[in-house]
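Undergrad: Chains A and B are the protein sequences, given in the same order. Under our numbering, the first residue of the first sequence is numbered 668, with each subsequent residue one higher. Under our numbering, the first residue of the second sequence is numbered 57, with each subsequent residue one higher.
It is worth saying that the hints were derived from the structure and are not from the lab. All values reported here derive from a predicted model rather than from experimental measurement. Where is the CB? At the ideal position from N, CA and C, for every residue including glycine. Be aware that a few hints might be false.
Which residues of chain A face chain B? A partial, calculated answer using Cβ under 8 angstroms [unchecked claim]:
| # | residue |
| --- | --- |
| 1 | THR674 |
| 2 | LYS855 |
| 3 | HIS1082 |
| 4 | ALA1110 |
| 5 | PRO1114 |
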Amino acid sequence: MLFNSYTFIIFLAFVLVVSRLIRSWTWRKVFLLGVSYLFYAAWNPPFVALLWISTVADWYLAKGISMSDTKLRKRLFLGLSLVLNLGMLIFFKYGNFALDNFTYLVNSLGFEYQPAAMNIILPVGISFYTFQTLSYTFDVYKGIAKPWHSFIDYALYVTFFPQLVAGPIVRAVDFLPQCEESKLATGKQMGWGMTLLVVGLFNKMVIADSFLSPVTEAVFDSDLQCGMIQSWTGALAFTGQIFCDFAGYSTCAIGIAMCLGFVLPRNFRFPYAAVGFSDFWSRWHISLSTWLKDYLYISMGGNRKGKHRTYINIMMTMLIGGLWHGASWLFVIWGGLHGLLLVSERLLCKGPWAKWSIWKNAFTKFALGILTFVCVCFVWVFFRARTLDRAVSIVRSMVDFSHISNHPDGFILKHGYFYVLLIMMSMLFVHWFIGKESLEVVASRLPGWLRISMVTVMIVCVVTSFAGEDRAFIYFQF
Amino acid sequence: MPLSTSSSDCRVPDLNYRRQWVIVLTLVFVILGSMELFWHMNGFVPSVNDTKDLWSYWRDRIYTENGRKKIVLIGASRLQLGIVPDVLEAELVDYDVVNLAVDGHAGYATFEDVANDPKFNGIVIYSTNVERFARSGFKAQKQWCEYYSHNYDPTLNDRMNFLFGLKLQGAANIFGANSSPKFVADRIISYDWPDPCISMRSDRYRPAFYSKLPVDKLEAILKSRIKFRKDSVSSNSVILLTEFEDVIQTRLTPFVDRINERGGKVVLLNMPQSGEYWKMAEDKYPIDFWNTMERNSDALAVHFQKYPSLSSFNCPDGSHLEYSDAVVFTKELARIMKEELFESKIVGKQ
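Based on the sequences and whatever the hints tell you, model everything.
TA: In structure tokens:
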């Protein structure tokens, strides 16, 4: 069920009303668990079984870890959890990809081999909920958390519908304590949660889908050679689209959870105002980047095993992070490029010039921020392009000053240049000039009439945008 | 365990939400109501958005259900505007009508797709003309067919969502494509407001009310369409009659036969055109071409010029029927089908 669908609106209204009518906290949690399964089953009912397997197995494996008295037994239970969760993830997400690559390898060695197609369907959200349950067993293994006493609470943590299919990837230590005490959303939580839902839907349905997506598709899905202007327009359009799409989803998820009395962690913090790439990753998809840092980068030794090993660990983390996004070499390239940028930044920061006072100058910071943004735009091309050839062609055009504009008429849809320019300028302005504060602080500082006008316009735009083509959130495919 | 996210209180701005939401909802209601009134006062009627999902929804319904066979309409805008499905159903009571015509896209790919579908055994009304076979453009509707075969697999939730959306779009202008922010922004920038003359129903029929347009605007539309037609006529080379016959035998005959073999029937329909617009087509491809097409296919061929009852329609923009004419045309076509298709006046041509 998509947040931007009529059925979800009816579903949400039903959940909000009924959850307030149920007096018992335990029964309210059971109700939320039930509707979360219903929410997931709306895509493909049999895949609910995968959720159950993951939930039940990790519940018992975490208990096993906790009760083990030797390190070896603890590792055995953790290993089982890893094999189960990553096994499911690898089979469903990378099965077809692995087979295609194996076939290619065998064929390129001169052997004729053509296996039957596996046609594996990817269960929606599997990357998110497997990482979420894994974080629970990891935390119990590390002693950060103890096995939770209530299975219902734990099952709700894995399945809670606002964050189930596209995050934020919530940690058990953040969610489970919220299940301890009976709670109903206060009027303020409900009011702010609904505001967040509207802001998220506006980002997704109006900015990402209506204005930016057609331009992105015109550039990336075409075979026509672009000029520099068209390539930059397409790259900028996707840079804005992916943010509005994914941050829009996270904002909706946080808002919906808040309407039910739960607090989910922030997933974005004005990422296009980042100065440097480590700063970018502390602002973009925060729940994934901290997950990768805590459970992958640090587990591999982080920066504790010397300079070279640190660089290898960064590259490995980013390559795996890239592959997490999808079964395609383009995602690996995207992750690898981000890894290279992070390593380069780290190397540059070690030089004697790192101590120059010029870096503290506001103008220099702004210039570095713009440089970061430009590099991020380049790298997004590999994330969005369907083939490596297309990605390389677009990147080449972006730096080819000899072909400023060489596209046939009508390549970029009507007014596309204007919309992309306007939206991206506004987005950068917002990220740079009000991004130092949280959305909550900004909202409380706005004059009442302005806040009311903005929410009103957003709702009108969202209501009138429902007629467009159905577009799923980009991160659903991951 | 510590709660690392932050407490709920510090994540909620301290505002008067009750007041905010009362004012917001009132304003939203007033704005949407005003928009609806604006569209209504300017002659617009609710119109559904013609998406590939809507097309696929109907493509899924071309098969005989509960003993009721289907009449499938295939073609482009002339057919989509010119045949009224409910009128045709009222005339041919044993059949349900499915409209698969797509505005601006010749229907050959869909015709091929339906002919190759082994489960289809109904009637196809295929709106075509000599030009469609003389030029390339056979793939114009392929993307719809591919979407249906590769991407269309709706869940129960998808179906509910789709039908609910369709109901809303059919009920009010504000839920239709004309009200979307992008559409409104495009129109404001280009200072080009849409015309209220054509809408779209959930059965994919598009009633046209050219009478709602000012005379000078209608004349301008006709003029620009004639100019476009002139340009395209002069830029396309003429195909020889012998070559055309080869094209028909390869592209049309086998597919008509395939439908006939399964117990279905095909009606080749040349929709009415008028005035200078029609004259240009007639000059380029005289009636011999159509006769060749008729001779080479085991289908009922209905050319508007060959039936006196169909030849006198005036198309306000040169090639599309006004709604009131479409009703008359549909009834007349149904009569011809009853006489020539069902009462077996048509026999297999050798």
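Undergrad: Does each hint fit the structure? Answer for all of them.
TA: Verification of the hints:
1. THR674: Hint holds; THR674(A) Cβ to chain B Cβ min 5 angstroms, cut 8 angstroms.
2. LYS855: Since the shortest Cβ distance to chain B is 5 angstroms, the answer is holds.
3. HIS1082: holds, 5 angstroms
4. ALA1110: holds, 5 angstroms
5. PRO1114: violated, 11 angstroms
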